[in-house]
Each structure stands twice: as C-alpha cells, then as structure tokens.
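Here the protein sequences line up with chains G and D, keeping their order.
In terms of the working numbering, the first sequence opens at residue 1 and continues consecutively.
In terms of the working numbering, the second sequence opens at residue 1001 and continues consecutively.
For the record, the hints were derived by calculation from the structure and aren't laboratory data.
Hints may contain errors.
What the hints assert, rightly or not - Keeping only pairs whose Cα atoms sit at most 27 Å apart, straight-line, the calculated DSS-like set for lysine-lysine is:
1. G:203 <-> D:1060
2. G:104 <-> D:1072
3. G:203 <-> G:217
Said to hold, decoys possible - So the derived label-pair ranges between C-beta atoms look like this:
4. D:1194 <-> G:125: 48 to 56 Å
5. G:177 <-> D:1058: 38 to 46 Å
6. G:49 <-> D:1149: 42 to 50 Å
7. G:152 <-> D:1119: 28 to 36 Å
8. G:228 <-> D:1171: 47 to 55 Å
9. D:1055 <-> G:114: 19 to 27 Å
Even for Gly, the Cβ is constructed at its ideal location relative to N, Cα and C.
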Amino acid sequence: MAYHWGFTALEAVGGTAQAAAPFFSNPERTSMVNKIFDSVAAALADIQDGATILIGGFGNAGMPHQLIDGLIEQGARDLVVVSNNAGNGDTGLAALLKAGQVRKVVCSFPRQADSWVFDELYRAGKIELELVPQGNLAERIRAAGAGVGAFFTPTGYGTQLAEGKETREINGRQYVLEYPIHADVALISALRGDRWGNLVYRKTARNFGPIMATASKVAIAQVRDIAELGELDPEAVVTPGIFVQRVVKVA
Amino acid sequence: MQKRDRNQIAARVAQDIPGGAYVNLGIGLPTLVANHLPPEREVILHTENGLLGMGPAPAKGEEDDDLINAGKQPVTALPGAAFFHHADSFAMMRGGHLDICVLGAFQVSRRGDLANWHTGAPDAIPAVGGAMDLAIGARKVYVMMEHLTKTGESKLVDTCTYPLTGVACVSRVYTDLAVLDITPEGVRVVEIIDGLDFDELQRLSGITLLR
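Work out the full structure, taking the sequences as your base and the hints as a guide.
If you want it as structure tokens, here you go:
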C-alpha cells in the first residue's frame, strides 16, 4: 500500500483508547500525498470503541452503505452516531443499530415508516436519543468544522427541544445557544475523489457530506470512482481535500 | 356550504404565491400546492435536503436514488437548479432568504404559535426534521390545515396544547372553511367559503376572530 500521512491521520481514531498504534505512518517522509485506501476494512481498522461517528446521508441518498457494513464487520462498540435519520429498513445504519454497536443516536428524524429497528431499540430503552432540529444539527456540525465555539440560533426557541438551554434576545429576536458537534470519524459517500482527498458529490446525495468531513478528526469518504489528480475541475471541487483523510473506492 | 377539499385549499394557497418567489413546501399536504402553480409562473421550489429548482416527480422508470425531496420521494431538477449541502440549505431558511414556506399543522394559536411536529403522546417516538427551522426561517409561513379536528374541535386555539414547533411564526392560515391572517391585533378573516357566514365561522372557531 502507498504511504498515507497527515497530522490527524497519525492519531488514534476515536473513543477513550490512548494506546492504539497509528494505523499508518510515513517514516520516510516521502512527499507524495496519497489518501486512497485499498479497502474499506483498511480505512476503518483503527476506529475505537466509544467513538463519535458522523454518518452522512438523508434517507438512502448519500448514505455510505459500504462503510457502514465495514464498521459492522470491524465491530467497534458503544458508538455515538450522528446522522439525520436513525436507519431505514434493515440495511445500512439500521443494521449497525441492530448489531448493538450504538449507544446513542443524535439525529433530527428517527421515526419513519421503515425505522422499525430504531423504534424497537428505543422503546426497549436500549438506545439513547438526542433529538436535534435538522438545521441546528447541520449548523452544529458546521460550527465544529469551522472552529466556532457555540452559536445562537432562533430555531427551537420556546419549544421542548430548547428546554434548559441558554437563550438570549438579540436585536429583538429570541435565540438559543447551541454547541458544536465534534466527531472522531465521519463516514460519508461521494461520487468521485482523488488522492488529495478532493471530493465531488452527486445531486441531493451531497446533503451532510461536506460539513461532516470538516467536523471530524478523520473523514473517510467512499467514492464510486477515483479521479486522477487534476481531473476534478478545481472550480467544481465541493469538498477540498484538506477536510478528508481517507478515500476508498467501492463497487 | 361546500368545504374546500385538500386540492382546493392547495389551489387557494397557490394563488398567493407570486412569480419569482423562493418557496419551500412542507412534507404532506403542502406538496399539493406545486400542482396548482401555473407553469408560466416561475416559482423556485426549495427542498431542504439540498436542492433549489425542484421539478415534478419523474416519469416511471426515470427515478434517481440521488435525487429526492425532503419527504424522500423521487423528484427532478429543473434547468437552473442548484444542489448544496445541508448547512447552506438551512442557511437559506434561517437566514430569511426563503420568501414563503407552506406547512401543515395540528394547531395554530391566535398569536401565530405553530404546533405540527409532535402529538405529545407519551409512547410516540419524537421526530422533528426541519419543521422548526422552516417555522422560524421563511419570511412568510403559510399553514394549510382543516379548520376542525375529526371530533369537531377548532385547530385555531388560544394556546397550543400540542408541543410547539415555533413561537409567533405563522403569517396566514388556509383551512377548508376560510383564509385567516395572524396580525398583531389578532386573527383576521380574509375570506370565507361560499355558504358560510362570519358568525357561523366564529361559532366553530376556538378563538375570537376579527372581521
């Protein structure tokens, strides 16, 4: 495998574990950047129990199915998962929940016609839920990626979802203080990526990918296609490679 | 008296959406409004999962899993459409860039509080999605709902008994019986369906109405 390097990539990924060896290193300090991993398993190998994981997707659009399947195989447990929904049907995020690997879900819309896996765990008291209005969820992730310490948002003011939170009147309008959501890992899906980690997406499958990449120590993108360096139009790159640590092609 | 059906309410809402408006139609009943916007009137539809310039449902067999609306239904993108990520999409709402959003409701209070995300039932699994962002984000929030519940209680109320989605955020309410504006003075009747008079509407409504 080619060398991979980068500041964040040298840290253990997630959780409280301190001792995990860096998954990869670049002892020779070769100058070539290559964030492309040969397999999903290799890209996920160092995820620790207890990690906070951002998972992209809105319903099935943009859902990194292969990475989630890889995480089930990898077996990290006690995870906190941040995603818009809490799984559909029996595959993807629903399968991860069903495998008992998730302690807590942070999301905006868990209950859907086909969210039976989450529903059952929730009613049985086997999973924790933090419900966040969708725009606050997005902005909390964006704030983490942008280095913002907290922000005042009008969304949710005066509702159950703002109970106990600090509020402030600014220019005659009421706001609620919300904090960023930082994560150890982001699992996202993009259309194409290159070895510098630049990404482009496809249609509404973009959704949470770009902001989740910014808010995690290690952003792992599954792509349908690897682009040669320079092939992606710099004017059209959606996620600049600085935000992405690992790229893996999936079938 | 012939109550307006869902499509007639949607058609009435559509009358109030001018060309050039940026509009978000909430999940459920409000999506019907799109069917009543005349094609020559250019209205740009926003869907919060990341698309401006949303077009109608694709023909059978033309569905694209990567091109869906907030209700996760397949849609199309019109010429001129743009895709964007979630933080940008909600900036469009919260930042006051959307002209109008149309939402369904369980209840609207006389000062324009909206309850539409949660019945408050103890065994219900809560889910909020973008409802709270839409409620406080768009410049004008139009609500489409039946005037009365199935058991005949007014959905226009003094104080919402269901959990709130947003405080004092509703501009106008379209029901099967009337169109009403939420104003600083109170709820003002804009129009009443044929065959129903103000006094009867007042009798059915849970709050004092202004003419």
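So, going through the hints one by one against the coordinates:
no.	hint	verdict
1	G:203 <-> D:1060	holds, 19 Å
2	G:104 <-> D:1072	holds, 24 Å
3	G:203 <-> G:217	holds, 26 Å
4	D:1194 <-> G:125: 48 to 56 Å	holds, 54 Å
5	G:177 <-> D:1058: 38 to 46 Å	holds, 42 Å
6	G:49 <-> D:1149: 42 to 50 Å	holds, 48 Å
7	G:152 <-> D:1119: 28 to 36 Å	holds, 29 Å
8	G:228 <-> D:1171: 47 to 55 Å	holds, 52 Å
9	D:1055 <-> G:114: 19 to 27 Å	holds, 26 Å
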